[in-house]
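J.: Whole structure, please, built from the sequences with the hints as guidance.
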Amino acid sequence: MALSSFTTPSGFLLPSIHSAPPFFTEQPNPRTQAQFTAQWTRLILTYARHRKLFMLRVEDAEVAGGDWDEILRNERINRRILPSHLSSLLDTMVASEQAAFEPPKQSRAAIIYWRTPEEWADALHAWAVATGQLNTILTFYEIADPPVPSPLSGIPIPLLRRAVTFLVKSNRAQIISVADGEGVRLFAAK
Amino acid sequence: MGANQSVPKITAQDRAVLDLKLQRDKLRQYQKQIQGILDREYEIARLHLAAGHKERATVALRRRKYQQGLLLKTDGQLENLEQLVSTIEFSMIEVSVLHGLKQGNDVLKQIHKEMSIESVEKLMEETAEAREYQQEIGEILSNRLTLDEEDAVQAELAELQANAVRDSKPKRLIPFLRCPRSSGSERYLNQAPSYHPHRPCHHWMAPRKTKVKRRLPPLAWTLLTHYHQVPSRPRERVRIPA
Numbered sequence: 001m002a003l004s005s006f007t008t009p010s011g012f013l014l015p016s017i018h019s020a021p022p023f024f025t026e027q028p029n030p031r032t033q034a035q036f037t038a039q040w041t042r043l044i045l046t047y048a049r050h051r052k053l054f055m056l057r058v059e060d061a062e063v064a065g066g067d068w069d070e071i072l073r074n075e076r077i078n079r080r081i082l083p084s085h086l087s088s089l090l091d092t093m094v095a096s097e098q099a100a101f102e103p104p105k106q107s108r109a110a111i112i113y114w115r116t117p118e119e120w121a122d123a124l125h126a127w128a129v130a131t132g133q134l135n136t137i138l139t140f141y142e143i144a145d146p147p148v149p150s151p152l153s154g155i156p157i158p159l160l161r162r163a164v165t166f167l168v169k170s171n172r173a174q175i176i177s178v179a180d181g182e183g184v185r186l187f188a189a190k
Numbered sequence: 001m002g003a004n005q006s007v008p009k010i011t012a013q014d015r016a017v018l019d020l021k022l023q024r025d026k027l028r029q030y031q032k033q034i035q036g037i038l039d040r041e042y043e044i045a046r047l048h049l050a051a052g053h054k055e056r057a058t059v060a061l062r063r064r065k066y067q068q069g070l071l072l073k074t075d076g077q078l079e080n081l082e083q084l085v086s087t088i089e090f091s092m093i094e095v096s097v098l099h100g101l102k103q104g105n106d107v108l109k110q111i112h113k114e115m116s117i118e119s120v121e122k123l124m125e126e127t128a129e130a131r132e133y134q135q136e137i138g139e140i141l142s143n144r145l146t147l148d149e150e151d152a153v154q155a156e157l158a159e160l161q162a163n164a165v166r167d168s169k170p171k172r173l174i175p176f177l178r179c180p181r182s183s184g185s186e187r188y189l190n191q192a193p194s195y196h197p198h199r200p201c202h203h204w205m206a207p208r209k210t211k212v213k214r215r216l217p218p219l220a221w222t223l224l225t226h227y228h229q230v231p232s233r234p235r236e237r238v239r240i241p242a
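Protein chains in written order, with the numbering used here: chain A, 1 to 190; chain B, 1 to 242.
One should not assume that every hint holds.
What the hints assert, rightly or not - Result set (DSS-like, lysine-lysine): computed pairs, CA atoms no more than 30 Å apart in a straight line: (1) K105(A) with K169(A); (2) K52(A) with K169(A); (3) K52(A) with K26(B); (4) K9(B) with K169(A); (5) K102(B) with K9(B); (6) K65(B) with K26(B); (7) K109(B) with K122(B); (8) K32(B) with K9(B); (9) K32(B) with K52(A).
Because the hints were derived from the structure by calculation, they are not lab data.
Note that the structure is a prediction, hence the values are computed from the model and not measured.
T.: Listed below in structure tokens is the structure:
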């Protein structure tokens, strides 16, 4: 049985295991299930990196028409991943620090860390240096949604906040808060 | 390690700038909202027209026009805000430039205090005196040389000058093909080379004593003889000038 890999309309190459019907069911054998879980987490991370998606919700498996449909459903073999399976996948990913529940203390939605907060912090600093915005006061909204698309466009604010706290710890940023909101000022690395 | 060791303090101006920027962000979000409403109203008008309700379509379009006016006004306000923000940032930079100038000025004044003009003049006079003294001593010492050694020195100088004149005569430099004997650097010859038409390099050849029968067309002959692949040809004497 030859499995074929398939390129989705958005330009993402799906692995050949995605065309195998057993991939979409939760396996009773723990060893196979572990293998499949590893494959699923890798697939989710690569797809998120490719399309720059941040949030994965359990309802993406329940309802069609979201951003993750190309992964969570396979129309050619008429299979889709069930919400319970996706929920356990999310739990595994959060346990292995590849995602984090957002908002915390619930298990329906999570931010996918296709880049760790430390890497995001470095990317933020590099972007500030490249656009000459060191030592200027920036708002969180300005960083997440700049008029010119940047590597940080669309980053959710909690992830941005985590990256900024990491920079504060390494003495490269400073958070300023006023009554209305918060801002951050980045400095050159010493 | 203290909390804010290498990080500057937050001043009231920073908070003011942050306030302005937050206002600007709010305006931008409002603009996005209005843009969304515009698109929605356009769709609604289209649907009504498709369904045949012309008045409802005109009402939707009129609403859309009003929103567009709002958008323009917001644009104007946004421009004002951004101008204010950039003026404030520019004045902060001016302040830091002024501060830098003042510091540089202070440093210069301090240096000048250490270096007064009188002390510099005195130093220069002392140096001039010492130089004259040294020159006198040198003359006295050089007078120790005998007269014949002086003549020998003058003769050597004359010879050196003659050599320099000879070497500075421009030589005809001919570009050369890849000659295995050339050292890679151009050499000036003591005399003009006898240019052999089939040997374009400037290693000149002694004139031929025997006439060699040419068997090949000139270029091929050149290339072959150049690399000494014609065995029956007598070995050429190549004099490479030192």
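J.: Each hint: holds or not?
T.: Here's how the hints hold up against the structure:
Using a Cα cut-off of 30 Å, the hinted pair K105(A) and K169(A) holds, with the two alpha carbons roughly 25 Å apart. As the CA atoms of K52(A) and K169(A) are separated by approximately 27 Å, the hinted pair is consistent with the 30 Å bound. Under the criterion of a C-alpha separation no larger than 30 Å, the hint pairing K52(A) with K26(B) is consistent with the structure, at around 25 Å. The hinted pair formed by K9(B) and K169(A) meets the criterion: a straight-line CA distance of about 16 Å does not exceed 30 Å.
Between the alpha carbons of K102(B) and K9(B) the distance comes to roughly 21 Å, so the proposed pair stays at or under 30 Å and holds. Restraint check for K65(B) and K26(B): satisfied, since their Cα atoms lie roughly 22 Å apart, inside the 30 Å limit. Note on K109(B) and K122(B): the hinted pairing holds, with a Cα-Cα distance of about 21 Å set against a maximum of 30 Å. For a cut-off of 30 Å, the pair hint linking K32(B) to K9(B) is broken: about 35 Å separates their Cα positions.
Distance check on the hinted pair: K32(B) and K52(A) sit about 22 Å apart at the alpha-carbon level, within 30 Å; holds.
Checked against the numbered hints listed earlier, the structure breaks hint 8 alone; every other hint is satisfied.
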